[in-house]
Amino acid sequence: MSNALIMTNRALRLSSRQLDALLTSLMLPVLLMLMFVYLFGGAIRTGTSTGYVTYVVPGVLVICAGFGAATTAVSVTQDLGGGMIDRFRSMDVPGPAFLAGHIAASMVRNIASTVLVFGVAYLVGFRPHAGLAGWLAAAGVLLAFILAIAWLAAAFGLLVKTAEAANALTFVMAFVPYASSAFVPIATMPWWIRGFARNQPITPVVDTLRGLLLGTPVGTSPWAALIWCAGILAAGITAGGLLFRRRTA
Amino acid sequence: MADELAIEATGLKKSFGDVEVLAGVDLSVAPGTVFALLGPNGAGKTTTVRILATLTRADAGRALVAGHDVARERHLVRRSISLAGQYAAVDGLQTGAENLRMMGRLAGRSRADARRRAGELLEQFGLAAAAGRRVATYSGGMRRRLDLAASLVGAPSVIFLDEPTTGLDLPSRQVMWQVIAGLADLGVTVFLTTQYLEEADLLASRIAVIDGGRVVAAGTPADLKEVVAEQSLDLLLTDSAAFERVAARGGARARRADPGGLAISLPTDGTAAQVRSLLDELDPERAAVRSFCVHTATLDDVFLAVTRRGPAATHPEQETTHV
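As you go down the protein sequences, you meet chains W and P in turn.
All the letters of the first sequence, read from the start, carry residue numbers 0 to 248 under numbering that gives the first Met the number 0.
All the letters of the second sequence, read from the start, carry residue numbers 0 to 322 under numbering that gives the first Met the number 0.
Check before you lean on any hint, since a few could be wrong.
Claimed, not checked - Which chain W residues face chain P? A few, computed with CB under 10 Å, are given here: (1) 2; (2) 6; (3) 12; (4) 13; (5) 81; (6) 83; (7) 84; (8) 85; (9) 86; (10) 87; (11) 88; (12) 92; (13) 159; (14) 161; (15) 219.
To be verified - FRET-style restraints, in silico, Cβ to Cβ: (16) P:14 x W:162: 24 to 34 Å; (17) W:41 x P:92: 36 to 46 Å; (18) W:43 x P:15: 49 to 59 Å; (19) W:233 x P:92: 27 to 37 Å; (20) P:286 x W:161: 51 to 61 Å; (21) P:166 x W:30: 34 to 44 Å; (22) W:160 x P:132: 27 to 37 Å.
The hints are simulated quantities; they were obtained by calculation from the structure and are not laboratory data.
Think of the CB as a built atom: it goes at the ideal place given N, C-alpha and C, for glycine as much as any other residue.
Assemble the whole structure, with the sequences as input and the hints as a guide.
What follows is the structure in structure tokens.
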């Protein structure tokens, strides 16, 4: 446990000193949100009475989590390629402690950027109607999603050999949310993409966040979202454990 | 007695896919000594270190480090060893002091103790002035020194140094040599790998030469020099026709022959009379030899003799008669 804390401290210190990466991961979601609200928002009919900013915030949070996860993949890959992992292993730092450090740091970074997104969203007119329970439930679902994709990203970081390859995850994480209910209603999409959009994990996560924050009915979305998160988490932890053993055999 | 040796390996084998990297390596290292594993690139040095440091499992064979089996008692071995690899495994974005404090904490020290130990090591390795600077701003030599310091935070009894001076300039290398020699004075067992004969000769009390995944020679530096105990007469010839003529007359005795470099090296006792008669015999026209020199056998000669690499590889059948 103390090893995991030392590893977390290290990962946080390192990411706080990569100013360019830090600024990108903090500013990109905010800029994306402003772009959607002010450039595209006027043309998008969401079928809700609230403004587009209210519609788009959950999507921005999800994409923000995706960027954060990609950063985690890159830092895991760098540690494996650069020899740090050998030192840690020869010092008997367990593999799970090493990965947990990266995951915990990823969570902290993501929470910071999430708070920033909420702050800027409020400034440009985001007015959620959630009560305390709604806020807590939304936070819970978002954290579950962040945790799940952080593990998936760590596993991806263990799979690839170079930081450039690890960075490819950014593209996946940046584009998958567009084919969901994050930015535009699925009903406006062509039929052949609707099937994918309705049945991919980001849609229930976004629908849940949107419903909880606006105080509207969420139906079965939270359960679908949590099942997806649990599945991704289980896959990420399993793959991460196997890949870690393979890479360090 | 196994528990009297710091490192004892028998029959270590390792293949990666179809490539056999270690073909049965035996080593023994007495505690408190500096041992050098000397070999060219790709000889299996790093793989040997990784097996002994519990990072890679051998396919066959057995190794005890600090009295513990590297395969079955990994955790006990890890508590007794430290490793400084070919990459300086320190974080560029942390300061020197932060790196050492982190390693100290991982080695189980309290916060205060880790801080104290980091201060001592920075002082000892001449890095006190750079303690508060990020490692990314360090020179290559400073990074290696910090890496070595990091491997000492946990008070290990066996230290593995994988090519500690590769890529360093001569002044940095000399500083590293002083530091490594100092480790042995502390009673620590040092296992280092190197491609440099000079380094092995200078630091180690025992050397094993590894090539193609096997130990091809082992002993003290003096033992190894005895393999080619005499002196060498090195001839530099005027052109390739001259090389052919001299090689035809003396090639069978040559210790080394390098047609490309127009060089031939023969054993001699170093007396003027013998050198004169050799020159007369090989070059009666007095036109083929441009220059010559006589030198005592160095570890380079040992290395070339036992690994059959370099120029000697052109005449392997002759080489064997001298080994």
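Check: Which earlier hints turn out false for this structure, listed by number in ascending order?
Finding: Going through the list in order, the structure violates hints 13, 14, 15 and respects the others.
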